[in-house]
Structures are given as C-alpha cells and as structure tokens.
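S.K.: If you want the building blocks of each chain, they are given just below.
Protein chains: 4
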Amino acid sequence: MTKSFLLTAAALLAATHLLVAQSSKVFDNLSVPSRILKSDRKFAIYLPPNYESSQRTYPVLYLLHGAGDDQTGWVQFGEVQQIADKAFSEGTATPMIIVMPDANTGTRGYANDARNEWRYEDFFFQELMPYVEKTYRIKTEKRFRAIAGLSMGGGGSFTYALHHPELFSSACPLSAATGPMTVEDTKTALKRAKPDVTYTDAEIEAYFKRQSVLELIKNVPDDQKKAVRWYIDCGDDDFLFEGNSLVHIAMRKKEIPHEFRIHDGGHTWTYWRKALPTVLSFVSDAFHQY
Amino acid sequence: MTKSFLLTAAALLAATHLLVAQSSKVFDNLSVPSRILKSDRKFAIYLPPNYESSQRTYPVLYLLHGAGDDQTGWVQFGEVQQIADKAFSEGTATPMIIVMPDANTGTRGYANDARNEWRYEDFFFQELMPYVEKTYRIKTEKRFRAIAGLSMGGGGSFTYALHHPELFSSACPLSAATGPMTVEDTKTALKRAKPDVTYTDAEIEAYFKRQSVLELIKNVPDDQKKAVRWYIDCGDDDFLFEGNSLVHIAMRKKEIPHEFRIHDGGHTWTYWRKALPTVLSFVSDAFHQY
Amino acid sequence: MTKSFLLTAAALLAATHLLVAQSSKVFDNLSVPSRILKSDRKFAIYLPPNYESSQRTYPVLYLLHGAGDDQTGWVQFGEVQQIADKAFSEGTATPMIIVMPDANTGTRGYANDARNEWRYEDFFFQELMPYVEKTYRIKTEKRFRAIAGLSMGGGGSFTYALHHPELFSSACPLSAATGPMTVEDTKTALKRAKPDVTYTDAEIEAYFKRQSVLELIKNVPDDQKKAVRWYIDCGDDDFLFEGNSLVHIAMRKKEIPHEFRIHDGGHTWTYWRKALPTVLSFVSDAFHQY
Amino acid sequence: MTKSFLLTAAALLAATHLLVAQSSKVFDNLSVPSRILKSDRKFAIYLPPNYESSQRTYPVLYLLHGAGDDQTGWVQFGEVQQIADKAFSEGTATPMIIVMPDANTGTRGYANDARNEWRYEDFFFQELMPYVEKTYRIKTEKRFRAIAGLSMGGGGSFTYALHHPELFSSACPLSAATGPMTVEDTKTALKRAKPDVTYTDAEIEAYFKRQSVLELIKNVPDDQKKAVRWYIDCGDDDFLFEGNSLVHIAMRKKEIPHEFRIHDGGHTWTYWRKALPTVLSFVSDAFHQY
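Chains as they are written, first to last, in my numbering: chain A, 1 to 290; chain E, 1 to 290; chain D, 1 to 290; chain G, 1 to 290.
Chain A on its own, in the form it takes in the complex:
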C-alpha cells in the first residue's frame, strides 16, 4: 500500500507539474507618499508571472501615460497585462516589472514646473523610483532600467533619459510631445498654461533648456551619444509629426544612434497597443545582454 501510495503521489506530482504557473498580477491603485509633492501619488504596477512564487530580481520598465489620463491608462486602454504576458510567454521579451506612475496632476505632466514649485520630476527620481525599487524585487543597475511612454509620457521618456542617461539603458518615446522648439515657444506655452503667472526670462530659458527635446539633443556631449538606446515611433497621421520628424533629423545629424519608425496611424491607443510588443522586445535587448 505504501508503494501504491507513493506511486499515486508521484503521478499527482507529474500531473501538477504541468500546472505550476502563476499568473501575472496588476495593481492599478497603489500609492507612494511624497514629501516633494506634499501628497500621496498613485501608481499602477505589473508583476510578471511567477513573481510571488520566485525569489529572483527583475528588470524594470517605467511606462508613462499621456495627458488627460492616469496610472490606469496602460492597464485599461493599453492592455499591458495581456501584451506583456504574451511577450514573456512567447519569449519575445524578458520578464520585467512595469511601473506606471500617475502624472494626472492638473499641471504639466512629468516635468518640474518653470518655477520649481511643482517638482514632479524630482518626485519621480527621488521618491517614486527609490520606493518601488526597494518595495519590489527590482534590479537597480542602469542596464536593467528602461523608460517608455506615449504623448506627454513620450515627452517624459525623452527628457528623463536625456537628463539621466546614467539611469536608463533604453528609452522608447511613442507619439511623443517633444516640447518647445524655441525660447519664444516656451514663453507662449507657459503663458497659455497659466495666464496669470509671470515668469522671469531666466525661468523661461531654464525651462526651455530642460524641456525642449531638440535643445537637449543639441547639448548631448560626444561621450554620451551612445549612453541610451532609443526607439522612437510616431504615426504618419499623428498631429505630433513635426517634432518627431525633426528629432529624427537632429539625432541623425548629431550621430546619436536611434531606431525611428513611422507606421500607419494617428494619436490613438490602437497605435500604442500595436507598438507595445516592440517596445518590450526592444528594452529587453539591453536587459538580455546582446
């Protein structure tokens, strides 16, 4: 009887072996306390299959939403869970943790504002990033950290990776807002956003230098040209066609290696859902070690 019980156990084990697989998890309403922003800030997170049953560490992708949306955008509209699950199970990307912060702040997205009164970018680097990388089993070397985003979040991907090439191995701005093209543009945009605030010329100039992707590219030092792997994608019907095309030209002329794509489509979630598998695969190339 012992023997037959053992055999039964072995048979069961063999059977259950096929079942050992834990699904990925998504939380779309988590919070991190922020002293810098004087409030709790929301974020969503995707934990890859088997996260809880394992004890390994993972690379991380920060995935930024667009204007008018919040941390749930990539979950609901972007189908991040279905797409990431598929990419990981098919092996086109490596399992990673995906962090989606909420920048639905009522002010200008992912940037510190022109007067440094609302310092979202500081919050991101000094509070959010340390918090999630400590709370979850995230690898913290540059090689294992990537950033991507759409529209306003594409702008955030550009500026964060250009401000901190030492922190991201790759960056994937999709249909990106590329910021002001000139100081004059900056002035106009700031005026339009907050008509009753007066900025000094120094503030405007500083904001331009921080937020204009073309200006940031112009100032990339020679030894930093290959610091970040770039994947830039913007549909041919997108209203942001000009900035993205000019960034492509500027990066080509400056000899900053980058992938650039213009596919058929506009400023839509259909476009971004289609782009996401390539983004996951692209950032995995650095995580994977070529």
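Simulated from the structure, these hints should not be mistaken for lab results. A hint or two may mislead.
You can't tell identical chains apart in this list, so a pair holds if it fits in one copy or across any two.
Claimed, not checked - With a straight-line Cα cutoff of 25 Å, these simulated PhoX-like cross-link-like pairs (lysine-lysine) come out:
#: 1; residue 1: LYS25; residue 2: LYS274
#: 2; residue 1: LYS38; residue 2: LYS86
#: 3; residue 1: LYS187; residue 2: LYS139
#: 4; residue 1: LYS194; residue 2: LYS25
#: 5; residue 1: LYS134; residue 2: LYS42
#: 6; residue 1: LYS134; residue 2: LYS225
#: 7; residue 1: LYS187; residue 2: LYS253
#: 8; residue 1: LYS139; residue 2: LYS226
#: 9; residue 1: LYS134; residue 2: LYS25
#: 10; residue 1: LYS274; residue 2: LYS218
Using the hints provided, position chains E, D and G relative to the given structure of chain A.
M.R.: Coordinates of chains E, D and G only, in the frame set by chain A:
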C-alpha cells in the same frame, strides 16, 4: 525515507496548488435583495482571469437572456466562459466583468409593466446595477459599461440603452424582440399576456412609448444620435426578421450610426454563440478607447 | 539507341505530365451583333482553366455590372479571374463559364424601356444568351444557368430571374437596385430620366409591373416560390438598404425561400469582391446537384 | 510500333507544350526609338500571368530604378517577377503590366537637364509612355496608371506625378532623392555635376522649380491636393532621411493626403524588395476601385 518522500510529495502538491494560474470564474446562482421587486433576484457573474490575484478595476457588460430562460442561459447554452476566456487571451476583447441578471419573472421580461406594479427596469437600474458595481471591482463611468442580450434580452438591450444613453457606451441587441409597432399592437399584446387586466388608454400609450423600439428611435433627440454605439444582429431565418429590418431602416433614415448584420441562421443558441465573440470585441472598442 | 530515345521520350512525357494545366482565359472586348438593339453589343467572358484542352460542357453564370460601368468592370475591379480560379482550384465552386454583358447603354440598364423602344432585356434573352450558349460549350438546361450582379446589375438579376424562373436555377443580387416601389415612384423616375418624353399611364403601369422587385415578388405564383434559389446580399452602409430590407421582409412573408445577408460595408467593389466567392459557391450548389 | 510510339510521344509533347499554364513574362532588354534623345532607349517589361492567353487590358505601373543602375535593376535585384506573381496569385494586388525604363543615361536621371539639351522627361511622356501603351494591352485612363521608384527613381516618381497629376492615380517614391532644397543648392549641385558648364540664373531657377520636391509641393494648387494618392517610404538608416522627413512635414502642413512610412533599414535592395509588395497593393487600390 518512504515517509519523508511522501511528505515532500505532499508539500510539493500543496505548493503547486497555490501556484495554479488563475482562471476566470463563473457564479450562476448569486442573489441581490430587491425592495422594488419584494424578493431576492438571482444573477450570474463572470469574473475574468486574474480577477482575484490583481487589484485593478474592470469594465462591465450586462448580458441579458431570452424569454423562458434565466441567469444560467448564457453560462450553459451561451458558453460565455469559454468564449470570453478565448477572446481575452487572444486579445480580440479586453477583460471585463459580465453580469447576467435573471429576468425569468413570469411577467414581461426587462420592462416595468404597464401599470408599474412589477418594476423590473427600476430594479435593474436602482438596485442590481449599484449592487454589483459596488460589490465587484467595476469601473462606473459610462464609457466602461455595455449592454447586450438575445431575443427578449435584445429588446431589453434596446430599451435600456435608449432610455439611458447616459449609462451605456455600447449596446448589442441580438435577434431582438423590438416591441409593439403601434399603440393598437400594444393593446393586443397586453391583452394576450393578461386577459383579465383592463388598462387605461394612457397606460397603453405610455407602455407603447416606453417599449416600442421604433417609437423610441423616432424620438431620439438630435444631440443623442451618437450617444450609444450599436451592434444589431438578426439571422435571415429568424422569426423576428421584420422588426429588426424595420429598425435598421428607421435608424438609417434617422441617421443614427449603427452596425447591422444579417447572417445565415435562425433564433438559435448556435447563432448567439457565434455572435458573442463579435459582441465582446465590439463593446471592447469603447472600453479600449480607439 | 531507339530504346534510349524511347526512354527519353517517356521521361519527357512523365515530366510534362506535371505541367498539363491550362490557365483560365478572359476576353473583355468581344461583341455580339444585335438586330434588336441595331448595333454590336460588347461582352466579356471568363473561360475556366483547361477549357480549350477539354471537350466538356460547362454551366454558365451571367454576371452583370452596375450603372456607369461596362463589361470590363467585373474583370478589372471585380477580380473575377483571380477569384474564380481560386474557387475552382480549391473546390469551393465548380468550373463554369462566366459571361459579362455590357449594359453601358446610356439608357436604363438591363430593362426594356417603358416604350419598348430600347429593348435590352429582349436582346439579352433572344440574342446574347443564344449566341454565347451556341458559341461556347455551355450547358443549356435551367439547372446549369445562374445570374448575379451588383447594383443596377443586382436589379437585373432580380427582374431577369423573376421574369424567367424557367431559365435560372439561382440568382444572386448584390447591393441591388430594387426598382420603383409604387406606380407614382415609377412616374417620377421616368420623368427624371427623360424629362422630354411623355408616357401613357398604361406604359408607366406596365413598366412598374415589370421593374418593381417588390411588385414582382407579390405576384410570384404559389407553385413558383421555389423555382429559383436566391442569395441576396447588401451592406449595412449601402444607400440601397431600404429596398433590400423590404424585399427580405416581402419574401419572408410570401414564404419564398431565400438567403439574405447584411454584412459590414457600403456600395463598394471591396464589398463585391468579398461577396463573389460566396456567389460562385452558392450557384455551384445547383450546378453540383446537392 | 516503335516509330508510332515515338510519334505519339512527340505529339503528346507538342500538345502538352501548348497546355502549360501561362506564367508571367519578363523582358529586360527591349528598346524604344527616341527622336528626343536621338537614340534607342532600353526598357524592361513585366507581363502578368495569362497576358497572352487572354484578351483583356491591364493597368500599368512605371517602376523606376536608381542612379548607377539600369532597366534590369528591378528585375535582378528587385525580384519584381517573383514578388508580383505572388501578390497577384494571393490577391493582394491586381494584375498589372510593369514598365521599367532605362535612365542610365550618364546624365541626371529622369529629368530634362537644366538647359533642356537632354530631355529625358520629355522622352518619357512623349515617346516611351505612348509607345508601350500602344504596344501592350494597357488601359490608358489616369486611374489605371501609377508610378513608383527608388532613390533617383523615387525622385522621378515625385517629380513626374507632381508635374502630371492628370496622368497618375498614385505615386510611390521609395528612399527618394528629393532634389535641391534651395536655388543655392541647385547651383552647387549643377556645378558639381558639370563643372565646365555655366548656367544662367534663369536656368538654375527653372531647374530648381522643376526638380525640388519641396518647392513643387509648396506650389500644388488647392484643387490638386488630392489628385494623386501618395505612398512614401524611407528607412531610418537611409542617408536621404532629411529630404523625406521634410517632405512629410511639408505635405502634412499643406494638407496633401499621403501615406508615409519609416521602417528599419537603409538605402538597400533588401529594403526595397520588402517595400515592393506594399507598393503593388497600394497602387492596386486605385486600379481596383474602392
């Protein structure tokens, strides 16, 4: 050694049990207490894969059964679990919660009756909907709510979405009963249903205005023509061919955008099982955001 | 040497055996002399693969173009050759000859006009049909003759098969013009087409009775209800939605068996190219013998 | 008996020869006499499957090679026959005749030169086009004529379709040379090409106006903005990135509808072979009629 091996086997079995990938869940015999209907009303619910392991919110589809059936119809005959699981895993639809209320009331389906004595529609909007949207992690904006149903439930889909265009982003009546075509029809139908009740002309008229899909379409205000996305489908062998064809004509003439399909088939579950994947995909277009 | 030559010949034969396959042929600029129309009338023809190498006879499909087009329409825009080749090689339809007459006559399509001065329909039955069925190896029994067409040619398919149920085993009107709904409509339409011609009431009435599909259906004798197999298809965005929907209702009420389809789409070649394989398969069912 | 068997074999061989399914044909060394260029000019042609066995007419695509190449380029490097055969048999494009003229003239490609001494463009429109459209069964309405090409031939596609929007329904410049950006550029380029020739300012200005794609786009009249359907494609590693990106920006700002793509790749035949199926499908959309 035998013992320790057995223990190991048991431990492994216990462990693997926890690791089983989380499938979708169906409950087909839940209840919601109703003061309006003075009884508990049954409903079935489909919770998508990973519902319990995640902490995100989901869109919702209310899926209505036909006459002579109950809340178990879409589960047993409609294969809602197998079809939804497949659609979500293949990415042709976005994960959603599907609520299937029981309208097997012995009286006329999803409507308040002509004397407002049996107020099923009021129950639906004032009790069922609030209850499930509070009990489960359901997104409560219009964009994330859809309605579909077959036959009598197709009629319910029509009337609910036409009565409450502010609550549904899309509606999919399948093989729908489209209600009385004239006041005279209404009188006859009410008589046939309850021979011993006498209705006032005002009651008949009011019931006609509430339950005739053609009449409701006639009265859609101009600024509400695009309030709901419509997918209407009825087989060429269906006995309800006339009402559905006339609704198509009426909506075309009124310039209410709608998808209309006539495929090969009759008033059968084979037809509706074949239609369901398209319904899930259609309602997802609004949930997904273009 | 004789032997080796024989062997070589045999080898060549074996090799060429694999190559014995003759492609289909299309002629898009043929003519048939017409005494009735006092001119030569163009037609196009599709001859199935192996037509010339064989000595067998074939069924025939008359395939009618729409208003503003000519006998080349189904060849160039309809891809009849590619689609028929594919259907025959895959076995979803049986090889047939397809005849595409030119009705680009500057007057009203496939009908005899209201005064019987331009008698296209007579030309079709008395001249074109006998000519092609004698010139090509076409089977001449009703069972092996079908008619299909789009728009104005869908109208032609309706009227020809309703006028001559003894000649066609099946008819497939696509996005069909279904003719005038009333005598009054007929009057208006004739006036609009030729403002300077005055018709007698008898002429208008007669034309209505010949050209109104709804009227023709009303008058189908009981013993003729199953004389023709019908496949009727019209997109939900087609401007001819009303006539086709009413024809469906009328045929259902009259109990004339028919397949009816409403797919997604408008009055476009994209729709008709998509419909053609089903048409070929449907008419083959009669040719094939069920 | 041996003899008779041999004769039978020979007869069978002869017969089967006639029966071989008719494949497409390519001729890569044909000539057309040119009075304008005072010489015979070479061209290659692709005739679709069944061309000779049928008697129908076909649409035409003019397919232009790049600098340093000749009329055999698209045949040898571009695999036009294999790619077109596949597209037609799969139905992703409609059978067409493809004409590939030789512009390997030792002078600047497809243009009339700055002094109108070498008038290749005049040859194309006044001699080559009439010759092939008369010699082969080519439909001669604008709807059925398209132009495409790579690099220098992409430039030709741009300028020909912008000079003659009344002749082409679609144009597909691939990795196109977009010509001089300014009059000054024109001067420099002409100088570089022929150091010993002195051009008048008027000649330079005229050449600029004829050959600068950006200038031609600037001057497209409002009622001509939709005259030609455009498909423009240039790899992100192509050295011609700037001109193509600026053309995209200019066409967007001018509101000239166009498809624009940037895929992964450089100025290579690998890129163009990959692009060709899409080109065939794109030009077919006009040939096919929506």
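S.K.: Look at each hint and say if it fits the structure.
M.R.: How the hints compare with the structure:
1. LYS25 <-> LYS274: within (22 Å within a copy, 29 Å between copies)
2. LYS38 <-> LYS86: Neither, since 38 Å and 45 Å both go past 25 Å.
3. LYS187 <-> LYS139: neither (40 Å within a copy, 39 Å between copies)
4. LYS194 <-> LYS25: neither (40 Å within a copy, 49 Å between copies)
5. LYS134 <-> LYS42: Both: 17 Å inside a chain and 21 Å across chains, each within 25 Å.
6. LYS134 <-> LYS225: Cα proximity of LYS134 and LYS225: none, with 30 Å in one copy and 52 Å across.
7. LYS187 <-> LYS253: Cα proximity of LYS187 and LYS253: across copies only (23 Å, versus 27 Å in one copy).
8. LYS139 <-> LYS226: within (22 Å within a copy, 43 Å between copies)
9. LYS134 <-> LYS25: Answer is both; intra-copy 18 Å and inter-copy 22 Å each pass.
10. LYS274 <-> LYS218: For LYS274 and LYS218, neither the intra-copy (31 Å) nor the inter-copy (34 Å) Cα distance is at most 25 Å.
Hint compliance for this structure: hints 2, 3, 4, 6 and 10 are not met, and every other hint is.
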